[in-house]
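Peer 1: Residue numbers (numbering that gives the first Met the number 0), protein chains in the order written: chain A, 0 to 90; chain B, 0 to 190.
Accuracy of the hints is not assured; some may be wrong.
Claimed, not checked - Taking beta-carbon pairs under 7 Å as the criterion, some of the chain A residues facing chain B (in silico): (1) N12; (2) S58; (3) G59; (4) C60; (5) R61.
Claimed, not checked - Result set (SDA-like, lysine to any residue): computed pairs, CA atoms no more than 25 Å apart in a straight line: (6) B:K122 / A:A13; (7) B:K122 / A:K43; (8) B:K122 / A:A14; (9) B:K122 / A:R61; (10) B:K122 / A:L1; (11) B:K11 / B:C110; (12) A:K43 / A:R57; (13) B:K122 / A:S17.
Just so you know, these hints were derived from the structure itself, not from any lab. Note that CB positions come from ideal geometry on N, CA and C, so glycine has one too.
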Amino acid sequence: MLLVPCPNCGPRNAADFSYVGEAKARPDPNAATPEEWRDYLYMKDNPAGRLRETWYCRSGCRQYFVLERDTAANRFADPPLPAAEADGEEA
Amino acid sequence: MADIPFESPVTKTYDFLKPSPLGDAGGPPLTLSDLSSTGKTILRADPEAADRVGVGFGASVTVGDVLVCGQRPGEWMLIGPIAAAQAFVDGLGLDGFHSVVIHTHSRALFCLTGDSAASALEKVCSLDWSDDMTPDGAAASATVARVTCDIVRNDASGTRSYLIACDRSFGQYLFDALVDAGWEFAVAVTV
Ligand SMILES: [Zn+2]
Numbered sequence: 000m001l002l003v004p005c006p007n008c009g010p011r012n013a014a015d016f017s018y019v020g021e022a023k024a025r026p027d028p029n030a031a032t033p034e035e036w037r038d039y040l041y042m043k044d045n046p047a048g049r050l051r052e053t054w055y056c057r058s059g060c061r062q063y064f065v066l067e068r069d070t071a072a073n074r075f076a077d078p079p080l081p082a083a084e085a086d087g088e089e090a
Numbered sequence: 000m001a002d003i004p005f006e007s008p009v010t011k012t013y014d015f016l017k018p019s020p021l022g023d024a025g026g027p028p029l030t031l032s033d034l035s036s037t038g039k040t041i042l043r044a045d046p047e048a049a050d051r052v053g054v055g056f057g058a059s060v061t062v063g064d065v066l067v068c069g070q071r072p073g074e075w076m077l078i079g080p081i082a083a084a085q086a087f088v089d090g091l092g093l094d095g096f097h098s099v100v101i102h103t104h105s106r107a108l109f110c111l112t113g114d115s116a117a118s119a120l121e122k123v124c125s126l127d128w129s130d131d132m133t134p135d136g137a138a139a140s141a142t143v144a145r146v147t148c149d150i151v152r153n154d155a156s157g158t159r160s161y162l163i164a165c166d167r168s169f170g171q172y173l174f175d176a177l178v179d180a181g182w183e184f185a186v187a188v189t190v
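For reference, chain A alone in the conformation it holds in the complex (with noise of 0.2 Å):
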């Protein structure tokens, strides 16, 4: 079982949470690209090892948050941020 670590619940089976993705900065939605769309919604790093991406804690807080983690071993670093810190990411 994954725990994910969630800035507000605590420690949580990821059966709770949903996946959101690979976080990244969002375009400005006035002045991007369909390029820049594109690399935004599609085109994913997928890196064997450290990857910052977002979480939805569904069952729980309701909140998205950041969290580091290494691909290769499946394992979190703490702490997470919530989503609204993180670079460009929106909450």
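Position chain B with the ligand against the provided structure of chain A, taking the given hints into account.
Peer 2: What follows is chain B with the ligand alone, placed relative to chain A:
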């Protein structure tokens, strides 16, 4: 709204539990009650409003006839008469953006009471309901039998007691799941 007759999502009868097929379990009995007709109001506001509300995420407090439960950051479930809940919100003097929505008919509310209530609840919920982690007054949101629920520990006269709220659509299913979890503790049902 207030004149609409309330219809509980729990429509089955549980006569097969009387008397308990397991006999007397000893000690105070475990009871499961359907309190769905109780007034439920959801207040959403800036999490900073917790100072005015008097309680924040993860805890609950009784104010007059209303149990104010901090279910999420910036979200409070007010259990009690609608008029009392509205008066409570009015008295807060919230000036920022906030919403107050009556959920009496859209949410089911059950109460699991008894010394073995935590043991029964933990069979179908992954949270730790021990005294250290969740003392009387604790509020949390979590899945119970895979249903997203708001749960408040609200001991009654020293007896361990949990209020469990979920969407009305899942009410009958969740009630049955709690009956099933309470079976080994000789649960008695009040509907
Ligand atoms: Zn959470």
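Peer 1: Each hint needs a verdict: does it hold in this structure or not?
Peer 2: Right, here's what the structure says about each hint:
1. N12: holds (5 Å)
2. S58: Holds, about 5 Å.
3. G59: holds (5 Å)
4. C60: Hint on A:C60: holds, closest Cβ of chain B at ~5 Å, below 7 Å.
5. R61: Hint on A:R61: holds, closest Cβ of chain B at ~6 Å, below 7 Å.
6. B:K122 / A:A13: holds (18 Å)
7. B:K122 / A:K43: With a Cα-Cα distance of about 39 Å, the restraint between B:K122 and A:K43 is violated, given a limit of 25 Å.
8. B:K122 / A:A14: holds (16 Å)
9. B:K122 / A:R61: Satisfied, since the Cα-Cα distance of roughly 23 Å is no more than 25 Å.
10. B:K122 / A:L1: Since the Cα atoms of B:K122 and A:L1 sit roughly 19 Å apart, the hinted pair holds (cutoff 25 Å).
11. B:K11 / B:C110: holds (17 Å)
12. A:K43 / A:R57: holds (23 Å)
13. B:K122 / A:S17: holds (23 Å)
Figure legend: structure checked against the earlier numbered hints; the only hint not met is number 7.
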